[in-house]
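**Student:** Listed below are the residues making up each chain.
There are 4 protein chains.
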Amino acid sequence: MSSAEATTKRHLQRPVSCAVLGAGGYAGGELLRILLAHPQAEVVLAASRSQAGKTIDTAHPNLDSNLRFEDVPPSVAAERAEVVFLALSHGESVAAVREMPKAKIVIDLSGDFRLATAEEYALAYGKKHEAPELIPAFRYGCPELARPGELGGATRIANPGCFATGAALALAPLAAKGLLRGTVVVNGVTGASGSGVTPSAGTHFPARDGNFKAYKVLSHQHEPEIAQTLARVASKGTAALHAPGVKPGFELVFTAHSAPLTRGIHTTATVELPDARSDVLEIYRGYFEKARFVKVREGPIELKGLAGTNKVSIGVATRGRHVVVTSAIDNMGKGAAGQAVQNMNLVLGLDEAAGLGFSGLYP
Amino acid sequence: MSSAEATTKRHLQRPVSCAVLGAGGYAGGELLRILLAHPQAEVVLAASRSQAGKTIDTAHPNLDSNLRFEDVPPSVAAERAEVVFLALSHGESVAAVREMPKAKIVIDLSGDFRLATAEEYALAYGKKHEAPELIPAFRYGCPELARPGELGGATRIANPGCFATGAALALAPLAAKGLLRGTVVVNGVTGASGSGVTPSAGTHFPARDGNFKAYKVLSHQHEPEIAQTLARVASKGTAALHAPGVKPGFELVFTAHSAPLTRGIHTTATVELPDARSDVLEIYRGYFEKARFVKVREGPIELKGLAGTNKVSIGVATRGRHVVVTSAIDNMGKGAAGQAVQNMNLVLGLDEAAGLGFSGLYP
Amino acid sequence: MSSAEATTKRHLQRPVSCAVLGAGGYAGGELLRILLAHPQAEVVLAASRSQAGKTIDTAHPNLDSNLRFEDVPPSVAAERAEVVFLALSHGESVAAVREMPKAKIVIDLSGDFRLATAEEYALAYGKKHEAPELIPAFRYGCPELARPGELGGATRIANPGCFATGAALALAPLAAKGLLRGTVVVNGVTGASGSGVTPSAGTHFPARDGNFKAYKVLSHQHEPEIAQTLARVASKGTAALHAPGVKPGFELVFTAHSAPLTRGIHTTATVELPDARSDVLEIYRGYFEKARFVKVREGPIELKGLAGTNKVSIGVATRGRHVVVTSAIDNMGKGAAGQAVQNMNLVLGLDEAAGLGFSGLYP
Amino acid sequence: MSSAEATTKRHLQRPVSCAVLGAGGYAGGELLRILLAHPQAEVVLAASRSQAGKTIDTAHPNLDSNLRFEDVPPSVAAERAEVVFLALSHGESVAAVREMPKAKIVIDLSGDFRLATAEEYALAYGKKHEAPELIPAFRYGCPELARPGELGGATRIANPGCFATGAALALAPLAAKGLLRGTVVVNGVTGASGSGVTPSAGTHFPARDGNFKAYKVLSHQHEPEIAQTLARVASKGTAALHAPGVKPGFELVFTAHSAPLTRGIHTTATVELPDARSDVLEIYRGYFEKARFVKVREGPIELKGLAGTNKVSIGVATRGRHVVVTSAIDNMGKGAAGQAVQNMNLVLGLDEAAGLGFSGLYP
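Residue numbers (the numbering used here), protein chains in the order written: chain A, 1 to 363; chain B, 1001 to 1363; chain C, 2001 to 2363; chain D, 3001 to 3363.
Careful: at least some of the hints might be erroneous.
What the hints assert, rightly or not - Computed cross-link-like contacts, DSSO-like style, restricted to lysine-lysine with a CA-CA straight-line distance of at most 27 Å: (1) B:K1054 x C:K2216; (2) C:K2247 x C:K2236; (3) A:K54 x C:K2290.
Simulated from the structure, these hints should not be mistaken for laboratory data.
In isolation and in its complexed conformation, chain A is listed as follows:
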């Protein structure tokens, strides 16, 4: 009996106890929404400093639950729960992880452990990594870009960034075939929920409505994450393991944009192949054959219908040596909470799609 099978069996008897730190924010709320309806999970802690004492429907009016936010240290979360989700601000996760060395399973939604080295982190985030020694324990949790079973039994997961998820999924099939060379151009477009629950100039309705703009041009912190992921897929066949020093054989130019919508990441990747080829669509279909959340199609895909889901839509178009791949995800779903729960499912040997069955609304 494999470890995964054993885990599964165990969970047939009792639910997985889950804690969410940073439960008052948008990603935290989405985690609660999914976990509260997850057939094999039980939320034992919704931790939030700012919301402490309030019922969770104060911050998340969509949730009907008697649960109250608590202000407890990470160590308490680790004692109470088998799985601790960190939906904290970038930089706060490092401290939390350090405070709970005995935590069984930690799934971190921040950017703190996504890059393989403290050096890359410093370049991307513009500050020193506070605990480089903790990085190697983390696996990069984009299940579609890992080998089958590879995430099973993991204890520390770095959940990918929203833009990074959309971009890496759009390009991984080409990376795996060694077809990414020269300059690879990726344009990402995000909804306002990606900026979190705290109001700011960029998410002020009068400024966002009817507007569209690029931001952090040539300096977005997800660019090195995307490059690292694709480099690993190309050289190792998996993005799951932090492998310092893996360099991409191409130059990535990623530009982030903000659009007047609430949820979603749309990615447009433009690639010049070494040679013209007619099998690009097949390459994508083959690569994602067993990916239950990914739908590949020729022609247009769209954001509509993905909010609240863990789904990925990928559209492929080819003309001679040029390929334009578009991908669409919900930044709160596959780009954050959905993927985190997918990771939990895989780590514990549960059904990968458990708790992630919502089909989305259209319109």
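Once you've looked at the hints, dock chains B, C and D against the given chain A.
**Tutor:** Then chains B, C and D, alone, in the frame of chain A:
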């Protein structure tokens, strides 16, 4: 006394008589709005088959005018007006131009005369050009990409496409310096007004709201228009003259996207220069030094504030050999009606900015 | 053993077979979405003339199902399915009901059978009712306004209108106490999905975005439906039975508005009570004590978070003799498909909330 | 020669010097936009504490001007400018007015001087008025509700609230005829710009997008302002003069709502007349016959097309004794900066519409 000076003097005495064909649509309405407030213009005809007999505020509730739509043939328009604006559907302008050989000045907002040859037209629009012999009389009217005075005295203007305007302005300074090589990637994003006044699946509010998608991937009709314009700027120093056979020294990949907003075209162009250089921003500032509607800046630009104006915002960012240029225009303004009036002003030797002084709203 | 209990037991063994007529539209798609995930239902027919032959994800990209639309007459639907949902245009349901006299259970989402008499129908819809003899068989299916168990065993259900649902739920507690007198003012605001899947001038994105307006002022067809419902609640203690001739003891003025959003009905009802009273909130809490989908609160409620759910939020504020009650629902959920499935559940003696557990997204 | 004529003549020679305090906010920016293009005005000061030293296009990217924000006390503004506009937060205007007793003309856009007495102010705003002695000098500046010429020569203007403007204009014709009795119900809907430039929970894009809600139910500070205005129109024939103790002969119930749009106030007023009458539309047309910014029509009006204008659209519908009046304005235009400039024009004897000619965009 130059011809332009003569024209100007003449117009100090009486206003320019203008006719708008297709006046019931969005571009037609925007032309009427600008022309009705233009200090040297007089609208003598608002032609619309579908709205004939109604006052113009029926279709354009923002306009206070006693003018009524009329259903008259193009020849009548040409008799009545010194300048005939064609705000017709793609394909209808050819017929209209053919029917009014004696028209003094025709400014066509459709795609019918934008490409230099019937062959290019057929490739881009997927149908035969009905009057190739009429093409050479047209000048391509993007004033910022023409030589000073070059449009003065022209009698037939092909007004550029909205995406084409945004993209060509974003890249012309590099084209002029011979810096466009290899693959040039352009992503355009449009508001829904670009699809016109007729409701359709793509502009249905429930489908557009909260959505974002690419469309006509690798097959948009503005791609060859952009390539042609930049090729001319590179080889001839102007985009104004239809010069068949001018080929770009680069490969353009243009992807159009639709966003949930009403007005605006945002363009993100990603270019790999032959060599790293630090003077890109200066190149742009120099190129547009005398362009009164263009603002160049380092860093982010945005759509907000441009609706109703003829302005162009351009943002430049450089990293080694890579340049990301973003541009923003109002698709109805600089991308259509505003540019058409700017062209009229130049053709007639009026102040280039006459009637185009609206500063935009923010927010 | 009651009939309802018998039904329930039967369904423990096999799922309820369901057919959706008009399955290509928005309400039809929402019905499919709910029914495909309903633990005790099976969709055996998705009928659509315009989409016949296509898989349902063509019209409803959110749905993953191999089901194909079929173009079959209502009689075939009635043979195949135990429950036939009619998501047809107003006026088409009459014909469908006439064509399937042997249908076991029919739940009609149109306005065809919502009013008690052909006379009221003619006044409200401006045309003759084609089959007045069919009306009496229908019960008006707003479960919260029916007596416990009253809908169990029904065979014909007229599903309430979206505005009518929001307004009647906002005022029923006052109606039941005999507190509605004089003029009762109701303002309803709807999202664009209420206009259906077919693009029109009112749902054209450029026209709807940034806009707000009233429409069908003093002539909306839901006004008599609301008045009838409240009159029955006041005089009969239930809205479920078509009781011709029941007149309200008040004058209703209902104004419909359209807002730039996709889903949702927000209602603001302003009432002048006969006397000042301090127990209005308690009246509401008491009235809806057992209503599982209704949440009553003091102070503001909002649309956000309700999309895709069958929930109702009600906010109550009082000042002297004046009461302002606001309610919020999803027009596609509690205002259409959600309520239809709730009705099915009650008719068949299933758990009222079966298949309606989605908690909504926030944001 | 009347004083107004004298003023006009004087201004033919030199422009009116204007100062804007609070110039960094939305209302301040809109004032700058209008005044910079006003043919008879000159902006001599844009005062802002937070933006001091920056050019005005930093806060208002739509404006092309070399003007810089300055941080100067109100007394300096009064010395430099003939007209001082106060676009300050509620409560700050009192202090500013106190600090510049010698100011020639002050136009205050806050709520500080809109109510006739300190008692009413305390009730509406929940705090003590800091300078009741200053109130009587102010005239209430809603030109359409003042007598011809009444505002000419005024030195202190309280510019009406945005909701108050929309509501008072919708009901004044009935008030003037003595037709408002019993309960009068007004529902107002606002865009997010009304909350100002500072981001907050209510204007956070993810929370506002797709949402609609009432707020400050039965406690909005504009309710007494509307009641006061209509009471004065009914009893005095003008709203311009602060007349303490004028009580309305009706009870107003005003409910404010927030909608997912940037600009606009839509008002729906529902009135029960003493008797049925068929001349309501004529009453409105007569009342506003000479109001250059008001358009009265039977049937629907809308917000679209009003952004940036000083226009008012009023729609009238009648059924028996019930009247539903809808009105639409731009909250930043007629609801704030536009009306303030209209007031300046009238005070100085300029053309009422000077600088207010922008016709709006559609779509």
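**Student:** Run every hint past the structure and note whether it holds.
**Tutor:** Here is what the structure says about each hint:
no. : hint              : result
1   : B:K1054 x C:K2216 : 22 Å, holds
2   : C:K2247 x C:K2236 : 11 Å, holds
3   : A:K54 x C:K2290   : 25 Å, holds
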